[in-house]
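A.B. asks: Protein chains in written order, with numbering that gives the first Met the number 0: chain E, 0 to 428; chain C, 0 to 428.
Everything labelled a hint here was simulated from the structure, so no lab data went into it. Treat each hint with caution, since some may be false.
Since the list gives no way to pick one copy over another, a pair counts as held whenever it fits inside one copy or between any two copies.
What the hints assert, rightly or not - Straight-line alpha carbon distances no greater than 25 Å define the calculated SDA-like cross-link-like pairs of lysine to any residue that follow: (1) K342 - E305; (2) K50 - E31; (3) K342 - L273; (4) K334 - G322; (5) K50 - K183; (6) K337 - R25; (7) K358 - A420; (8) K339 - Q255; (9) K334 - N24; (10) K414 - T234; (11) K183 - G383; (12) K334 - R25.
Here's the letter readout for the chains.
Number of protein chains: 2
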Amino acid sequence: MTPAPLRLAIAGLGTVGVGVIRMINRNAALIEARTGRAVEIVAVSARSKDKDRGVSLSAFAWEDDPVAMAKRDDIDVFVELMGGTDGPAKAATEAAIAAGHDVVTANKAMLAVHGQALATAAEASGKLIRFEAAVAGGIPVVKALTEGLAGNEITRVLGVMNGTCNYILTRMETAGLPYDAVFKEASDLGYLEADPNLDVGGIDAGHKLALLSSIAFGTQVDFDGVVLEGIGSITIEDIRAAADMGYRIKLLGVAQMTGRGLEQRMTPCLVPRLSPLGQLEGGTNMVILEGGDSGTIVLRGAGAGEGPTASAVMSDILDIARGTRVATFGQPAAKLAKAKAAKADTPAAFYVRLHLTDKPGALAKVAASLGEAGVSIAQMRQQGETEGLAQVLIVTHKTTRDALDSALSAMEATKVMGGHAVALRIEEV
Amino acid sequence: MTPAPLRLAIAGLGTVGVGVIRMINRNAALIEARTGRAVEIVAVSARSKDKDRGVSLSAFAWEDDPVAMAKRDDIDVFVELMGGTDGPAKAATEAAIAAGHDVVTANKAMLAVHGQALATAAEASGKLIRFEAAVAGGIPVVKALTEGLAGNEITRVLGVMNGTCNYILTRMETAGLPYDAVFKEASDLGYLEADPNLDVGGIDAGHKLALLSSIAFGTQVDFDGVVLEGIGSITIEDIRAAADMGYRIKLLGVAQMTGRGLEQRMTPCLVPRLSPLGQLEGGTNMVILEGGDSGTIVLRGAGAGEGPTASAVMSDILDIARGTRVATFGQPAAKLAKAKAAKADTPAAFYVRLHLTDKPGALAKVAASLGEAGVSIAQMRQQGETEGLAQVLIVTHKTTRDALDSALSAMEATKVMGGHAVALRIEEV
Chain E
0 MTPAPLRLAI
10 AGLGTVGVGV
20 IRMINRNAAL
30 IEARTGRAVE
40 IVAVSARSKD
50 KDRGVSLSAF
60 AWEDDPVAMA
70 KRDDIDVFVE
80 LMGGTDGPAK
90 AATEAAIAAG
100 HDVVTANKAM
110 LAVHGQALAT
120 AAEASGKLIR
130 FEAAVAGGIP
140 VVKALTEGLA
150 GNEITRVLGV
160 MNGTCNYILT
170 RMETAGLPYD
180 AVFKEASDLG
190 YLEADPNLDV
200 GGIDAGHKLA
210 LLSSIAFGTQ
220 VDFDGVVLEG
230 IGSITIEDIR
240 AAADMGYRIK
250 LLGVAQMTGR
260 GLEQRMTPCL
270 VPRLSPLGQL
280 EGGTNMVILE
290 GGDSGTIVLR
300 GAGAGEGPTA
310 SAVMSDILDI
320 ARGTRVATFG
330 QPAAKLAKAK
340 AAKADTPAAF
350 YVRLHLTDKP
360 GALAKVAASL
370 GEAGVSIAQM
380 RQQGETEGLA
390 QVLIVTHKTT
400 RDALDSALSA
410 MEATKVMGGH
420 AVALRIEEV
Chain C
0 MTPAPLRLAI
10 AGLGTVGVGV
20 IRMINRNAAL
30 IEARTGRAVE
40 IVAVSARSKD
50 KDRGVSLSAF
60 AWEDDPVAMA
70 KRDDIDVFVE
80 LMGGTDGPAK
90 AATEAAIAAG
100 HDVVTANKAM
110 LAVHGQALAT
120 AAEASGKLIR
130 FEAAVAGGIP
140 VVKALTEGLA
150 GNEITRVLGV
160 MNGTCNYILT
170 RMETAGLPYD
180 AVFKEASDLG
190 YLEADPNLDV
200 GGIDAGHKLA
210 LLSSIAFGTQ
220 VDFDGVVLEG
230 IGSITIEDIR
240 AAADMGYRIK
250 LLGVAQMTGR
260 GLEQRMTPCL
270 VPRLSPLGQL
280 EGGTNMVILE
290 GGDSGTIVLR
300 GAGAGEGPTA
310 SAVMSDILDI
320 ARGTRVATFG
330 QPAAKLAKAK
340 AAKADTPAAF
350 YVRLHLTDKP
360 GALAKVAASL
370 GEAGVSIAQM
380 RQQGETEGLA
390 QVLIVTHKTT
400 RDALDSALSA
410 MEATKVMGGH
420 AVALRIEEV
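Only chain E is shown next, with the shape it has when bound in the complex (with noise of 0.2 Å):
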């Protein structure tokens, strides 16, 4: 008796709609071998139908509202895929849930901020919401968490989840191109966001952070603790003074929870060059999971694409086939704690940029500051100078992002700065 087969909606198919349907044409006879049944598609919704996107869609019934196509009963499981934190991906995915499906979804946005609410009703009755493809595209890393290393305590996790602003960081640095310039060519060449900030601003890859840590520290989403800060400050001085201190620069998502609560940030760091996440080039992503029995594990692969991403639709679906049933966020969303965010940072080093006034005594001033808050310098060097301005960096020994910004608030009221500083954090990795 072969069993009834597993039965899908698709709603949204741009690149990655488009691949879950050429990888489940393509892969037919290997799903059916690996999950003991066929996976079918149903129906599929998008904008616009006629529109030519490589792929026959005449096997499928078509569906111009995808929430009217979620309440199908000819379906299991509802794979939403048009993006947007509400809109039709919330509705459509709330009338899956409420006519009995369960949901795959790649909608990293939706989840950061309505996951809780869409996980609890999924599970009251019963149902999933898998979300593989919502962070860093084709590496397996929610299922390496969620199951890989269940029986770990997890002491942190942090990455490299956006790979826009890894290209732009790794090309400012290989063509010696300001911020402006690599900005433009990633525009150019179609790696933004319709709104760029959900790139630079570092709010794609913070959503993605606040899943994980979810999963992870066993809390409720908690997209609005995550520290968010873009990569548009950073210059090529910046990553080129890095390099020569044997850092390079990375957009880094870091959570880990800690005696003053649940730390998320999703920032410019330093990491040192020859570690795994300094090695790494354009646009790959990389997610290290540190687990108190397990130690360091790295993974890395696309963070984007076709393939990659619909590879990780697919996974869901085909743990879905194979009856795997694990909660959304790994343990029941209704028995999720509420995230405490913490109130302060672990301490690090950082590193800090500044320009001074060419006038005696400025450099004293400065040193002066930090001393006073609290902050030793490990090192100092004061270079080049433009329209009177002094470039000076400072390396900081460990102290607290609290101590380091009352000194630079200090310093700026001593007024022998032009500008503001730059602080980054030098992360332990």
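Since the structure of chain E is provided, determine the placement of chain C on it from the hints.
C.D. replies: Frame of chain E, contents of chain C only:
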């Protein structure tokens, strides 16, 4: 209503067994939150009851005979951590299957040889054999391949899967020491198996590769089809010459399905120094999974040790507690095709080191032998001379191993060589 605890019997209380007991003790609350049920150790077995292992066994029934323990009717899962291809490990695993228990094992040797028969027997009665800990220690690579990339056609699996060999090779390079000296160091440090040939002969890593091949290509485990070559003939000169040319030498496992059959090799290879594999230091493991859609997924972590290996065992146990039921090799063992071993390898460039008698025309004879076999030379250098023998290093263009071997035989017949040539594949990664 709380579900019944998952009841375990653990056979083998070495490092890994003790690690599993520690994790269950320490993370009991976490495990119950994540799986919805308690995980409980009912009975344990090992060679000596009285040895001090640093953990209390008083809460568990003691069994002198692991086979008797495997037959207990008050357990759900038999955890086999004794090791060994046959003997008690196999007898107890068979007994556990016959008694209707799931089995979790870290035993690559047993599965590489008897995996097909054991999995078929287990699956015939709806039971599982799980073996995350058998491959690459704490890295959840079995799960990544079986589930995370389940929708992909896998094109190639490769990796460094024996930490001891990688320790020896990187230590030779950094300390400038010959093989024998570092082998002795590793032995003194307790890094080597009781039969060191399991490590340095590539057998242990070959077992692991054969298991991954089965999952990747849907074929029955075929350890006999793995071409094995150890690291014993690698000299410090090879390592230096490779470094000069931008490579490092790794004991590298490669499995790929070709038109000529299944290719499985565990041999010392040259890999680009700046690739993730080339940058792998010390005892760390790395496995690379290449999927048709996912692209290249790199996984890196500790390949051995109490915590990492116990973490992998726990992943299997927690999957069972959660009700996840995936066939041992990703699809039913009874349906796996018999692997047809490839008669010839995929062409590659090769590194060749040989010694020539210092006679006029010797080098010409080498070049002629290569040319007549159709092997063309990309680089050749003659350097140094010891005891009347000059060392010659050659890098070929892409060729087959057969062509190269016939060239090497022809060279030997000319009697201009001292000893045998060393030929190492340059793997494209």
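A.B. asks: Next, verify each hint and record whether it holds.
C.D. replies: Hint check results:
Taking the shortest alpha-carbon separations for K342 and E305, neither the intra-copy value of 39 Å nor the inter-copy value of 36 Å comes in at or below 25 Å. For the homomeric pair K50 and E31, neither the shortest alpha-carbon distance inside one copy (30 Å) nor that between copies (49 Å) is at most 25 Å. For the identical chains of this complex, K342 and L273 are neighbours neither inside a copy (32 Å) nor across copies (40 Å), given an alpha-carbon limit of 25 Å. With identical chains, the CA atoms of K334 and G322 are at most 25 Å apart both within one copy (23 Å) and between copies (19 Å).
In the homo-oligomer, the alpha carbons of K50 and K183 never lie at most 25 Å apart, since the shortest distance is 28 Å inside one protomer and 67 Å across protomers. In this assembly of identical chains, K337 and R25 lie within 25 Å of each other by CA distance solely across copies; the values are 23 Å between and 43 Å within a copy. Taking the shortest Cα distances, K358 and A420 sit within 25 Å of each other inside one copy (18 Å), while across copies they are farther apart (70 Å). In the homo-oligomer, the alpha carbons of K339 and Q255 lie at most 25 Å apart inside one protomer (12 Å), although the nearest pairing across protomers, at 48 Å, exceeds that limit.
Taking identical chains as interchangeable, the C-alpha atoms of K334 and N24 lie at most 25 Å apart only when they sit on different chains, with a minimum of 22 Å there against 39 Å within one chain. In this assembly of identical chains, K414 and T234 lie within 25 Å of each other by CA distance solely inside one copy; the values are 23 Å within and 63 Å between copies. Taking the closest pair of Cα atoms, K183 and G383 never come within 25 Å of each other, the shortest separation being 28 Å inside a single copy and 54 Å across copies. Proximity of K334 and R25 under a CA criterion of 25 Å is satisfied inter-copy only: 21 Å between copies versus 40 Å inside one chain copy.
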